[in-house]
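J.: This is what each chain is made of:
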Amino acid sequence: MEILVCVKRVPDSAENEISIGADGADIRRDDLVYSVNEWDNYAVEEAIQIVERVGGSVTVVAVGTADAEEVVRREMAMGATQGLLLVDEAFEGSDGLGIATILRAAAQRGQYDLILTGAQADDGAAQVGGMLAALLDWPYASLVNRIEVNAGESLRIGREIEGGSQEISEIATPCVLSIQTGLNEPRYVGIRGIRKVASVEIPMLDAAALGIAEGSVGQTGAKVQRVDYFVPQTGLGAEMLAGSTVELASQLVEILKTKGGLK
Amino acid sequence: MVAKVFIFVAHTDGKADDTAFELVTAAKRLFPGCAPVALVTGSGLDGVCQEMAAALGEVWKFDQAALAHPNAELLWPLLVKVLPAGAMLLLPHSSLGMDLGPGLSVRLGAAYLPDVVGTEASEGTTLRVIRQEFNGQVSTHLHCDASGGAVITVRSGAFPPEATGSAVGQVSDRSGDAEGLTARRTFVEVIPAEAGDIDITREEVLVAVGRGIGDQENLALAEELALAMGAALCCSRPIVDAKWLAKSRQVGTSGLTVQPKVYLALGISGSFQHLGGIKGSPLLVAINKNPNAPIFQAASVGVVADLLELLPALTEKIHQSR
Numbered sequence: 001m002e003i004l005v006c007v008k009r010v011p012d013s014a015e016n017e018i019s020i021g022a023d024g025a026d027i028r029r030d031d032l033v034y035s036v037n038e039w040d041n042y043a044v045e046e047a048i049q050i051v052e053r054v055g056g057s058v059t060v061v062a063v064g065t066a067d068a069e070e071v072v073r074r075e076m077a078m079g080a081t082q083g084l085l086l087v088d089e090a091f092e093g094s095d096g097l098g099i100a101t102i103l104r105a106a107a108q109r110g111q112y113d114l115i116l117t118g119a120q121a122d123d124g125a126a127q128v129g130g131m132l133a134a135l136l137d138w139p140y141a142s143l144v145n146r147i148e149v150n151a152g153e154s155l156r157i158g159r160e161i162e163g164g165s166q167e168i169s170e171i172a173t174p175c176v177l178s179i180q181t182g183l184n185e186p187r188y189v190g191i192r193g194i195r196k197v198a199s200v201e202i203p204m205l206d207a208a209a210l211g212i213a214e215g216s217v218g219q220t221g222a223k224v225q226r227v228d229y230f231v232p233q234t235g236l237g238a239e240m241l242a243g244s245t246v247e248l249a250s251q252l253v254e255i256l257k258t259k260g261g262l263k
Numbered sequence: 001m002v003a004k005v006f007i008f009v010a011h012t013d014g015k016a017d018d019t020a021f022e023l024v025t026a027a028k029r030l031f032p033g034c035a036p037v038a039l040v041t042g043s044g045l046d047g048v049c050q051e052m053a054a055a056l057g058e059v060w061k062f063d064q065a066a067l068a069h070p071n072a073e074l075l076w077p078l079l080v081k082v083l084p085a086g087a088m089l090l091l092p093h094s095s096l097g098m099d100l101g102p103g104l105s106v107r108l109g110a111a112y113l114p115d116v117v118g119t120e121a122s123e124g125t126t127l128r129v130i131r132q133e134f135n136g137q138v139s140t141h142l143h144c145d146a147s148g149g150a151v152i153t154v155r156s157g158a159f160p161p162e163a164t165g166s167a168v169g170q171v172s173d174r175s176g177d178a179e180g181l182t183a184r185r186t187f188v189e190v191i192p193a194e195a196g197d198i199d200i201t202r203e204e205v206l207v208a209v210g211r212g213i214g215d216q217e218n219l220a221l222a223e224e225l226a227l228a229m230g231a232a233l234c235c236s237r238p239i240v241d242a243k244w245l246a247k248s249r250q251v252g253t254s255g256l257t258v259q260p261k262v263y264l265a266l267g268i269s270g271s272f273q274h275l276g277g278i279k280g281s282p283l284l285v286a287i288n289k290n291p292n293a294p295i296f297q298a299a300s301v302g303v304v305a306d307l308l309e310l311l312p313a314l315t316e317k318i319h320q321s322r
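Residue numbers (the working numbering), protein chains in the order written: chain A, 1 to 263; chain B, 1 to 322.
Rather than coming from a laboratory, the hints here were simulated on the basis of the structure.
Idealized CB from N, CA, C, for every residue including glycine.
Among the clues, some could well be false.
Unchecked claim - Taking lysine to any residue pairs in the SDA-like style, the calculated list, with each CA pair at most 25 Å apart, reads:
#1 Lys81/B with Ala16/B
#2 Lys261/B with Ile255/A
#3 Lys289/B with Glu247/A
#4 Lys289/B with Ser19/A
#5 Lys263/A with Ala313/B
#6 Lys196/A with Leu84/A
#7 Lys15/B with Gly176/B
Unchecked claim - Far from chain B, by Cβ distances over 10 Å, these chain A residues were calculated:
#8 Glu70
#9 Asp88
#10 Gln108
#11 Asp123
#12 Lys196
#13 Val197
#14 Val231
The following block holds chain B by itself, in its conformation from the complex (with noise of 0.2 Å):
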């Protein structure tokens, strides 16, 4: 039997969001041979749906000005209204991946596979799955039992967009079903990220501090550092937690993403959020005590050294240097 196998399509102004295309690649390596249905929610969705019939048989769309703002909590009565038993979804693991997938699992009577980043073969209704734990310095395969269906939530660039070809897609226009919905959770407003003494996201060499510097006092270490190396300073979501530095310095999905030339990451771990927020290659060196940091998997040069010995000894260097 081939799987009925549904992607959620993230967009923004207009046009799928990558994860799209990157679920397709998922959907595909989960389930060879199927044709997936792409599922558009939103308000005005012309754009989006013909961009995804571009790349698949069949799309769906829910035209309603309720959902203009996703809220997964209009979300999940629609998709149990209009998903078939036995449905294999996938959704993006994002903040609203992770607001739907798990309830809307337990009222589709489906397994819930969070944050996959790898598959392996399928044997029959039990999909082989890879996820991370611990913040990445583990993976794990996991069995699970589909037979009820499946939601899977989808790391983020763990599926590379594949060529789709191009399809003459259906849209099938669905809107009347996502008519009436109600919610015991309404849509406010967005308020963006105030923006920051510095614009980090501007800047070509960056100097990154994580959890790893310790205390709030060594933070001087890696500004003489950055000071000394003409760089600005940025750093990973729990600096910011500890509100040692503004929310305008945090690199990572939930903070900002940057595009500098050269990243000294110090004492970041790397995790998947985190390396999210740096785009464009950079030569990326790590400095880290933990030698299974997960950062030196995605670091160009890795050095395993105490930061409070190594940054002082670096600073007088560069100093000396110049």
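The following block holds chain A by itself, in its conformation from the complex (with noise of 0.2 Å):
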């Protein structure tokens, strides 16, 4: 099975607070800690389980700014047959639909069975998926947290859903499915395992070498504008307790006796 998993590299949101800069254009990223994508990261290690049963190829492609090499080689590390980096100018203010045109071009240079993208990304839009789903009119299943690759041209799948309870379809492929965090576990990846494929190229297309149109994509070409970023003001908030450890304690065990915590 060929397969195709489109991943981000994003701020890591368990390891930085996320602060706005002075103008509110954008936060402050000088300081972040960016890797992949944590969907993104699961959805990698499902399509390399999916190759050591039944065969083929994991192509890992990223759509961003050459920074976007380290994620690709990392999920390469893991054991991903190949990378892809698409990069270019142009491709800078994209919205859902501008990312998921630009990775349709990526999907069309390639024969694939399956395309795998995390459920979400750091604006937890829960978008690219389905767009590029529509845009190369593949079936889609969203949220996916069991794929059984079947006899034939069809998969068996498992949809996360509300209240923890799981949807089992069959699709057809080719499709996309987007990809829920715990369906499997990632393996780890070392330093040994990265300097493994240091030297392996990973090409990189811009908007000429995929046939993507000036316009139709990138700033210019988005529906959907991000004006800027604030922190809402919501409600009271919380009683800030304050005081040393013991203290913290104190005041915490009170309030738990009063409220009934303490059972």
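If you follow the hints, you should be able to join the two separate chains into one complex; please do so.
T.: Structure below.
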């Protein structure tokens, strides 16, 4: 099975406190720790496991600046067969449809049976996978938390639906699936693994190489534009406790006692 | 020109979900003066259609056995067929909305606005909405060119239902439009979540751990605290993803909905998916090392602290107070 996995380099929100720059145009990015989007990492692991079972190849693709190379290389160290970078100034400011349009051009250069994306990334939009499927006119399923390869050209998949239930479906290939976290245990990548792929060449394609018309993606092609970032003023917020560790513990015990938190 | 506005009605056991009425609120804020049309798809829909007709002027019914379980791959061809050009469609940002919305927007040539939490006044066909990014740590204003229509998914709980008054809506049976739909994805079954060793939905005091606990070995600190409090241990999604606790311990929209009296959140950032699983307005005490964590906006009491220091001290203090 030939699998394409779309990945994104994002600020690691577990490691970072996100704050906003003075003019509100962007978050402060100088000191952020970047990594591969968590959902995408599960998608790459799943693709590798599928290929280990039924054969084929895994290609990891990222849209972004040249910085995206580090996450593509990291995913190659996990065991992906090849990497692909889609980089052009004209891609900057793309909305979800713009990113899906760029990825479609990359997908059409190969003969893929399956395309995986993470269910969502740092902006929480959860949109690119479904848009890419529609652009390719392939069937789609979101929030996938189980994949079994059937004999013939179909997959048996599970989707995570509300309340922790799982919706089982059959889907024809080629198809696009967006992957939910937790469906596997992504393998660890050590320094040695990264070194092994350090000198592997990762092709970089721009808009011209991908045959993407000027203005169809990027800021000019975007129907949806982000105007600014801000921190909302919501409600009263919590009563914040202060003091030493021991003082905090005492205050918390009193509050818990009063409210029935100690049984 | 008044926008042609549609809301997609999610329903369970013959009743419209809360999201349906939240979409009505969102539609009226986004498109003042609009008369939203309710779209109801499924099988055996009379109750839901009557319920929506009591709130809105017009209900379109699509009753087909094939739609009994919602399948986005059947629904998009139906909606592409029946929606007028330039339609504004509101969906819940649910597992179905996320499945259906992005691809549908492409096929309609419409803009896509996912997980909307707020709105500002529109200007002509430019919609202005508010979203959140980075797990709720920051918000953004978006402008959207909706001249070709828009598909908008709306976060659950962001637009509380308003009294809609009583309408005597017309139910228009359009089931014929839903005949003979085919899809390359077929629904097989729903596997319900497994029950766990304890039922956290019945517990009055819960200690919940999140990613901020750091390492698996630190989980013992939370377990000892829960034991001292007489509380049950639960968690947010990353803990289940890491296989440190069973799925039956997960609070959130993709886990269980709990209704405790006291909820102590340890190292939980406070994503809307997690908060969506906490009902009944408990005393919510949050401890997190990140002062910007969204959990502090939802919590009643907050502490910015290192869990590894504070938890043992708190456990000890509780033992002393007994």
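J.: Evaluate each hint against the coordinates.
T.: We went through each hint and held it up to the structure:
1. Lys81/B with Ala16/B: Distance ~24 Å between Lys81/B and Ala16/B Cα, so the pair holds.
2. Lys261/B with Ile255/A: holds (13 Å)
3. Lys289/B with Glu247/A: Measuring from Cα to Cα gives roughly 17 Å; hence the hint holds.
4. Lys289/B with Ser19/A: At roughly 15 Å apart (the allowed maximum being 25 Å), Ser19/A and Lys289/B satisfy the hint.
5. Lys263/A with Ala313/B: holds (18 Å)
6. Lys196/A with Leu84/A: Measuring from Cα to Cα gives roughly 17 Å; hence the hint holds.
7. Lys15/B with Gly176/B: holds (23 Å)
8. Glu70: holds (20 Å)
9. Asp88: Holds, because the least Cβ-Cβ distance between Asp88/A and chain B comes to about 22 Å, which exceeds 10 Å.
10. Gln108: It holds; Gln108/A is separated from chain B by about 16 Å at its closest Cβ, greater than 10 Å.
11. Asp123: The assertion about Asp123/A is violated, with a minimum of 5 Å to chain B.
12. Lys196: holds (26 Å)
13. Val197: Non-interface label on Val197/A holds, nearest chain B Cβ at 26 Å vs cutoff 10 Å.
14. Val231: The assertion about Val231/A is violated, with a minimum of 6 Å to chain B.
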